[in-house]
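Participant: Produce the entire structure from the sequences given, and follow the hints as far as they go.
Protein chains: 2
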Amino acid sequence: MIRLLLAEDHHLVRGAFAALLGTEPGIEVVAETGRGDEAVRLAVELRPDVAMLDIDMPGLDGLAAAERIAETVPSCRVVIVTGYGRPGYLRRAMAAGVRGFVGKDNPAATLAQVIRQIHGGGRYIDPELAADALSMRECPLTPRELDTLRAAASGAPVSRIARELRLSEGTVRNYLSSAVTKLAVENRHTAVRRARDMGWL
Amino acid sequence: MIRLLLAEDHHLVRGAFAALLGTEPGIEVVAETGRGDEAVRLAVELRPDVAMLDIDMPGLDGLAAAERIAETVPSCRVVIVTGYGRPGYLRRAMAAGVRGFVGKDNPAATLAQVIRQIHGGGRYIDPELAADALSMRECPLTPRELDTLRAAASGAPVSRIARELRLSEGTVRNYLSSAVTKLAVENRHTAVRRARDMGWL
DNA sequence: GCCGAGCCGTGACATTTGTCAGGGTCCGGC
DNA sequence: GCCGGACCCTGACAAATGTCACGGCTCGGC
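Sequence order for the protein chains is A and B.
Heads up, the first sequence is in the UniProt record's numbering, so the first residue is 1 and it goes up one at a time.
Heads up, the second sequence is in the UniProt record's numbering, so the first residue is 1 and it goes up one at a time.
Bear in mind the hints are in silico, worked out from the structure with no lab data behind them.
Possibly wrong hints are sitting among the right ones.
Stated by the list, open to error - Which residues of chain B face chain A? A few of them, derived with a C-beta cut under 10 angstroms, are:
1. V81
2. G121
3. D147
4. S154
5. A191
As the list claims (entries may be wrong) - What the simulated footprint calls covered on chain A by chain B, stretch by stretch (three residues with Cβ under 8 angstroms from a Cβ of chain B suffice, anywhere in the stretch; the number is not a length):
6. 63 to 76
7. 179 to 193
Backbone N, C-alpha and C fix where the C-beta goes; we use that ideal spot for every residue, glycine too.
Facilitator: Structure (structure tokens):
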């Protein structure tokens with residue numbers, strides 16, 4: 001019997017996943033939660049065989065939760081299930097030692113299969129998303145550029161970003177301009193969106 | 001037996017919903033799809049008792065699909081299920097004659113209850129979302145302001161927006177400025193986000 | 001040691017964006 | 001009829017943003 005931990009922020013979807021997996025022989029959902037930090041706590045406490053994590057969660061996002069679980073409960077295999085096919089996410093997930101990565105566009109039957117495969121020691125990467133990630137170059141932005149982009153993401157004016165980061169306004173403008181050039185977009189706002197779409201932000 | 005049409009763009013989630021509702025006595029899923037236009041076609045063809053629509057779908061969004069179904073298959077009651085609690089969406093849904101509106105943050109048991117209630121001639125509005133919508137004023141933006149905001153949403157510079165809308169740059173800046181003031185935000189980019197969050201865009 | 005590459009930081013300058021005052025049109029109330 | 005209000009549109013001016021040339025720092029290769 002595979003003991004499964006289920007983490008997904010939308011209550012309704014979580015319940016539906018539980019119903020779906022409940023019909024599968026050999027799989028038992030031992031706990032479910034809508035928060036990333038809760039997921040880590042439950043993994044430590046219950047030592048499930050497999051943890052299935054959504055990325056978009058309050059408290060701690062699914063990728064960060066995966067990292068923590070890999071550190072503290074190495075026996076627990078992690079599969080990420082996400083609606084956003086962002087190349088950077090897949091990269092981060094792989095770095096975190098995740099064993100499975102599945103997009104929400106797959107047929108329902110895939111899910112149980114993947115869980116069994118992961119539990120058996122295998123790996124599963126959504127072929128669609130893998131192709132995207134491989135065809136994609138690494139993030140070309142420097143740490144400082146990412147900092148400024150993150151700070152700019154809320155729509156704050158340069159003056160505020162500069163204060164937050166303790167930089168001169170000129171420097172902030174410079175980083176943003178550089179990011180804009182590297183991402184080949186027109187202005188920082190589209191740069192923010194592009195970076196977010198890539199999963200870099 | 002309640003004959004149900006299920007429309008939700010994420011295949012995996014759709015399958016999970018089908019599994020969840022499949023365990024409910026008295027409910028039969030007669031068709032499922034991931035596209036809004038398909039949902040309308042299937043409703044016309046199969047005349048289900050209830051259609052459960054997600055908002056975020058390719059082809060035709062759930063709200064537009066609800067409008068079409070209300071026109072062409074009045075016997076079919078519609079319930080909207082959505083992850084985004086945008087006040088404007090609820091308003092549009094009500095205007096379209098939707099009988100139920102449920103956020104994805106509800107417990108799984110709610111769903112079947114709501115479907116039964118709708119089918120019995122009742123209505124159900126997510127109390128959480130209803131409160132948001134009622135506490136919210138109507139969209140204060142004029143048609144032209146909405147046009148410019150929509151055009152600005154992609155991050156295009158004023159010059160391009162002006163060309164698209166056949167306006168002088170000054171006029172475009174003026175509309176955007178007006179929208180920014182009305183929404184009480186700092187610049188057009190946050191204005192775009194705010195308007196989108198409200199479901200006005 | 002020293003050279004080059006890459007990152008961090010800055011100010012001055014050009015361009016874009018935001019703000020303001022104001023003119024034109026349409027429509028409903030009196 | 002005409003008044004007030006709401007909307008559409010514009011150009012001129014001020015403020016924010018984007019661009020550029022430049023200097024300092026660290027680190028790895030030679």
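Participant: Next step is simple, just say for each hint if it's right about the structure.
Facilitator: Here is how each hint holds up against the structure:
no. : hint       : in the structure
1   : V81        : holds, 7 angstroms
2   : G121       : violated, 23 angstroms
3   : D147       : violated, 19 angstroms
4   : S154       : holds, 7 angstroms
5   : A191       : holds, 9 angstroms
6   : 63 to 76   : violated (count 0)
7   : 179 to 193 : holds (count 6)
The structure fails to meet hints 2, 3, 6 from the earlier list, while all remaining hints are met.
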